[in-house]
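Q: The residues making up each chain are set out below.
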Amino acid sequence: MILPTQHNKRTRRASSLQTDVKPSSDSRGRHRRRMIVLFLSLAAALAIISGRLFSLQVHQYPKLVEAANRQYRRLVPLVSRRGTIYDRNGREFVGSLRVSSIFAQPPQVENRERAASDLAKALGLPAQKVLERLKSDKPFVWIKRRVSPEEATAVSQLDLRGIASIAESKRFYPKQELGAHLLGFVGMDDRGLEGLELQYDDCLAGKPKWVVREQDALGRPIFREEADEAQGCDLYLTIDEVIQYVTERELEAAVAKSQASSGTAIVMDPLTGEILALANYPTFNPNHYAEASSFARRNRAVADYYEPGSAFKIVVGAAALEERLVRPGDRLNGEDGAIEVGGIMIRDHERFGIITFSEVLTHSSNVGAIKVGMRLGKSLYYDYISGFGFGNRSGIDLPGETPGRIRRPKDWSALSLASLSIGQELSVTPLQMLVAVSAVANGGTLVRPYVAGSLKAADGRVVRRGSPVQLRRVIAEGTARTLTNILKGVVTDGTGKAAAVQGFEVAGKTGTSQKLERATGRYSRQKVMASFVGFVPAEQPRLAIIVVIDEPKILQWGGSIAAPTFREIARESLKYLRISPAAGGPFRLAEGMLGAASRLN
Amino acid sequence: MTAKRLPYDRLLCTVSLLLVGVGVVMVYSSSAIKAQMKYGDPLFFLKKQLLWAVVGLAVMVWAMYHDYRAFQRYAPVVFLASFLLLLLVLIPSVGVKVNGARRWLRMFGFSFQPSELAKLSLILLLAKFFAGRADRVESFVQGFLPPLLLSGLFFGLIVLQPNFGTAAVLLLAAMALCFVGGVRLTQLGAALFALGALCYLLMLAHPYAQARLLAIMDPARASSKASYQIHQSFYALGPGGILGRGLGDSIQKLFYLPESHTEFIFAIVGEEIGLIGALLVILLFGILLWRGVRIALRAPDLFGTYAAMGVTFAIVSQAAINLGVVTGLLPTTGVPLPFISFGGSSLVTTLLGMGILLSISRFQVTRSRPS
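Residue numbers (our numbering), protein chains in the order written: chain F, 148 to 748; chain U, 3 to 373.
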């Protein structure tokens with residue numbers, strides 16, 4: 148700073164340099180003061196601004212960071228790929244294609260009318276509908292899901308503020324109808340609506356589905372690198388694609404041949420409860436599920452029930468044998484094919500005289516079965532019925548399973564015990580029937596059926612592994628063996644001859660039940676359920692199979708339509724599984740039973 | 003003590019170069035994505051700004067090696083030229099209208115804002131005026147009325163464009179010169195009071211100006227549109243924190259912050275290089291202020307003093323107003339940050355001013371060493 152005392156001298160010298168007006172020393176001093184005032188006020192302004200910056204960038208830092216992040220981060224559905232479903236040998240049942248979906252963030256869209264008409268043109272939608280969505284006050288709305296690549300390009304070229312696309316996966320069922328009722332289908336938002344897609348939806352879809360994404364003011368992601376794909380788990384089924392195919396093919400043929408309204412067939416490993424095939428006909432194409440009727444879409448193998456009829460004689464026989472109320476050779480009076488119970492005449496399809504207990508089953512005598520049932524009595528018989536799993540869900544990992552219907556003994560009428568002995572007055576699902584017969588096949592253990600072999604996360608980690616579950620022992624192994632021998636007779640000498648597979652011993656039982664007329668509440672004369680349930684090879688069972696044909700117009704007997712279908716499915720499956728008649732695999736049975744025994748303990 | 007030809011003020015020159023450098027870098031950083039999107043060329047604004055910086059620096063060098071007294075001689079001519087240009091820009095077929103304001107003249111493929119030149123020419127003319135009648139300055143009619151009329155004329159013409167921000171900065175610089183020139187404080191106070199009333203009336207006539215003021219006074223109550231810009235500015239500065247997000251890493255420039263490469267460029271500075279970077283820029287303006295006032299105090303004649311003070315005040319006060327807007331202390335005015343905001347007219351005239359200042363620095367009165 149120049150001191151004021153030197154001021155005068157300096158001014159004089161300065162003015163000597165030029166010829167300008169000489170300011171008085173007084174005015175010069177005033178300039179200095181006023182200039183310093185200006186200097187100080189500007190310096191003060193800069194200081195205040197600095198203080199303000201300090202406040203904004205240090206004091207309010209956390210608050211402003213949060214507010215800014217709220218602005219950048221929008222909830223956006225994550226790019227996700229739904230898990231694949233494979234059969235037990237890793238053959239793909241279901242895949243996912245990558246497609247684009249167009250969405251809008253309405254608050255950011257400018258000139259909505261124009262944007263709506265541009266979008267409508269690019270996507271082939273009604274402009275009015277698009278405009279409605281753009282006028283929504285939601286932060287996120289879909290404009291069109293799963294567009295074609297051409298449409299996606301067209302939209303990106305429009306370069307509209309607040310409109311963007313995101314990669315989504317689209318479920319694709321390459322095998323069309325194959326396994327439709329098992330797989331189910333997914334809705335527009337890629338969530339499972341039916342079948343395994345629904346059962347294991349959380350895992351297949353992967354989670355979380357919505358994530359926070361940082362984006363610029365135009366709604367485009369700020370960091371361009373691909374976000375971590377939310378990969379769903381892959382599902383490996385117990386189903387064998389080949390057996391499934393054979394089962395579906397044979398079932399369809401049987402329904403067509405008998406002019407039936409529908410049919411169901413299930414193939415299961417009786418030792419483990421693994422479902423190898425499950426089919427209903429009519430079926431549907433999961434790629435176009437909306438076009439199918441709800442009947443066609445329903446997995447009737449577990450969701451619908453029927454009166455099992457004669458096939459249920461397996462249960463009454465098993466109970467009587469286990470309780471030692473009867474032996475295979477015991478003679479029973481066939482009453483010439485008719486018996487009166489509670490004022491109602493129940494008839495046989497043949498006029499049987501004196502027959503053995505074995506023959507009651509092989510020739511399916513109603514009179515004989517009723518007499519055996521009478522020996523058991525209400526409560527004991529009921530215990531065995533529920534012991535074999537009827538009236539309870541089997542516990543299979545498929546949605547929509549019904550427990551079936553069975554009344555408690557106290558609600559039974561005078562006729563009920565007799566009716567139940569021949570498989571009437573109760574409703575079961577095809578799966579329940581198969582599981583009950585599997586207990587006979589595997590030596591007396593009720594198993595829980597399952598279709599999910601394993602669920603593997605994207606990183607290869609097994610999230611869940613399906614394993615055989617033995618629920619309980621329902622009959623002794625000896626009883627099971629005795630009953631198996633009798634059931635072999637059904638196929639060799641009785642009603643189920645058509646089920647015989649060349650080179651193998653087959654055990655099984657036919658069933659032909661009149662359907663209840665909904666309108667009258669009485670049994671129909673024309674409408675029947677024809678079924679066959681059995682297992683093969685009888686001594687070392689590998690496959691338990693049930694075939695149920697609903698309302699066949701011709702070939703109405705279980706033995707004439709269901710049994711041959713059983714045979715075809717069994718024959719082809721055994722061939723495919725390379726099970727030879729000679730080396731059926733006795734150690735596998737031993738292994739299986741040993742395993743079952745250890746698990747039971 | 004003697005007044006002699008000295009080398010120019012190297013510190014001030016360095017500060018100018020640094021500010022121009024910061025400006026070029028920040029213009030590129032804040033505009034690249036916008037430019038890519040709008041013009042398909044991320045370098046669009048950078049190229050223009052670089053060209054203007056080269057032109058501006060050439061003008062600065064030309065001016066600093068010129069005897070500043072030439073500017074005193076030609077001040078009335080420059081003023082007259084500015085006046086004509088201000089008139090020209092108002093003619094509909096000549097002035098280019100952008101966003102409802104007629105501020106630009108198109109010449110040789112370049113746009114030019116006459117108001118920027120008008121600011122400098124008014125400062126030079128007032129400096130000449132006060133230097134010439136230092137003895138009569140206390141008379142209202144002879145001392146204060148002529149500058150008042152001259153600045154009022156320019157103020158009115160610029161308001162007509164309209165460009166209130168630049169008009170206000172021009173008037174403020176003129177009043178500062180009147181203050182330094184020795185106008186009586188009572189007269190100056192009355193004039194400022196009248197100006198305040200005029201501004202208030204102008205504000206009433208323009209509802210958007212009211213909204214802008216309210217946005218500062220009471221952000222919570224203000225309409226979202228008026229306070230949007232200032233909030234976006236806070237969302238840039240705040241998260242910048244002490245060290246910043248890193249050069250080029252601003253998120254706010256991604257279309258959140260409007261005018262991110264012009265009026266609000268300083269918010270991007272704060273976001274990318276943090277409080278430290280922002281304070282360094284303020285420090286550069288502080289040094290400019292210090293050196294400028296020092297040159298004014300040591301100028302060998304009154305014209306030099308007034309011209310140096312006027313240029314310094316105009317640049318630093320405009321910077322302070324811009325920074326006040328960006329930090330939410332003042333309502334938005336549309337005034338660019340000297341040196342740094344994108345814009346050729348502002349940069350070239352600022353550098354011309356710096357050239358004059360540096361020229362004056364070469365003729366300093368210094369204490370002679372005892373020999």
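I should point out that these hints are in silico values taken from the structure, not numbers from a laboratory. Among these hints, one or two may not hold up.
Within a straight-line C-alpha distance of at most 25 Å, the following computed SDA-like cross-link-like pairs (lysine to any residue) qualify [said to hold, decoys possible]:
no.: 1; chain 1: F; residue 1: K210; chain 2: U; residue 2: K40
no.: 2; chain 1: U; residue 1: K40; chain 2: F; residue 2: G309
no.: 3; chain 1: U; residue 1: K40; chain 2: F; residue 2: K285
no.: 4; chain 1: U; residue 1: K49; chain 2: F; residue 2: E257
no.: 5; chain 1: U; residue 1: K40; chain 2: F; residue 2: E257
no.: 6; chain 1: F; residue 1: K210; chain 2: U; residue 2: G326
no.: 7; chain 1: U; residue 1: K36; chain 2: F; residue 2: Q255
no.: 8; chain 1: F; residue 1: K282; chain 2: U; residue 2: L216
no.: 9; chain 1: F; residue 1: K210; chain 2: U; residue 2: P44
no.: 10; chain 1: U; residue 1: K40; chain 2: F; residue 2: A214
no.: 11; chain 1: F; residue 1: K210; chain 2: U; residue 2: K50
no.: 12; chain 1: U; residue 1: K36; chain 2: F; residue 2: G309
no.: 13; chain 1: F; residue 1: K285; chain 2: U; residue 2: H233
no.: 14; chain 1: U; residue 1: K36; chain 2: F; residue 2: Y219
no.: 15; chain 1: U; residue 1: K36; chain 2: F; residue 2: R220
no.: 16; chain 1: U; residue 1: K36; chain 2: F; residue 2: S526
no.: 17; chain 1: F; residue 1: K210; chain 2: U; residue 2: M205
no.: 18; chain 1: F; residue 1: K285; chain 2: U; residue 2: F257
no.: 19; chain 1: U; residue 1: K36; chain 2: F; residue 2: D265
no.: 20; chain 1: F; residue 1: K210; chain 2: U; residue 2: G243
no.: 21; chain 1: F; residue 1: K285; chain 2: F; residue 2: Q252
no.: 22; chain 1: U; residue 1: K99; chain 2: F; residue 2: D265
no.: 23; chain 1: U; residue 1: K40; chain 2: F; residue 2: A299
From the derived model, a few chain F residues whose C-beta atoms are all more than 12 Å from chain U [as the list claims (entries may be wrong)]:
no.: 24; residue: R199
no.: 25; residue: A215
no.: 26; residue: S264
no.: 27; residue: E324
no.: 28; residue: G500
no.: 29; residue: N539
no.: 30; residue: P546
no.: 31; residue: A623
no.: 32; residue: T639
Bear in mind that the values here come from a model prediction, so they are computed numbers and not experimental data. Quick reminder that beta carbons are idealized off the backbone N, C-alpha and C, glycines included.
Q: Run every hint past the structure and note whether it holds.
A: Okay, the hints, checked on the actual structure:
no., hint, result
1, K210(F) to K40(U), "violated (33 Å)"
2, K40(U) to G309(F), "holds (16 Å)"
3, K40(U) to K285(F), "violated (29 Å)"
4, K49(U) to E257(F), "violated (30 Å)"
5, K40(U) to E257(F), "holds (16 Å)"
6, K210(F) to G326(U), "holds (21 Å)"
7, K36(U) to Q255(F), "holds (17 Å)"
8, K282(F) to L216(U), "violated (29 Å)"
9, K210(F) to P44(U), "violated (33 Å)"
10, K40(U) to A214(F), "violated (28 Å)"
11, K210(F) to K50(U), "violated (37 Å)"
12, K36(U) to G309(F), "holds (16 Å)"
13, K285(F) to H233(U), "holds (22 Å)"
14, K36(U) to Y219(F), "holds (18 Å)"
15, K36(U) to R220(F), "holds (21 Å)"
16, K36(U) to S526(F), "violated (84 Å)"
17, K210(F) to M205(U), "violated (33 Å)"
18, K285(F) to F257(U), "holds (21 Å)"
19, K36(U) to D265(F), "holds (23 Å)"
20, K210(F) to G243(U), "holds (11 Å)"
21, K285(F) to Q252(F), "holds (8 Å)"
22, K99(U) to D265(F), "violated (30 Å)"
23, K40(U) to A299(F), "holds (22 Å)"
24, R199, "violated (4 Å)"
25, A215, "violated (4 Å)"
26, S264, "holds (22 Å)"
27, E324, "holds (49 Å)"
28, G500, "holds (95 Å)"
29, N539, "holds (59 Å)"
30, P546, "holds (46 Å)"
31, A623, "holds (75 Å)"
32, T639, "holds (81 Å)"
The earlier numbered hints that this structure contradicts are 1, 3, 4, 8, 9, 10, 11, 16, 17, 22, 24, 25.
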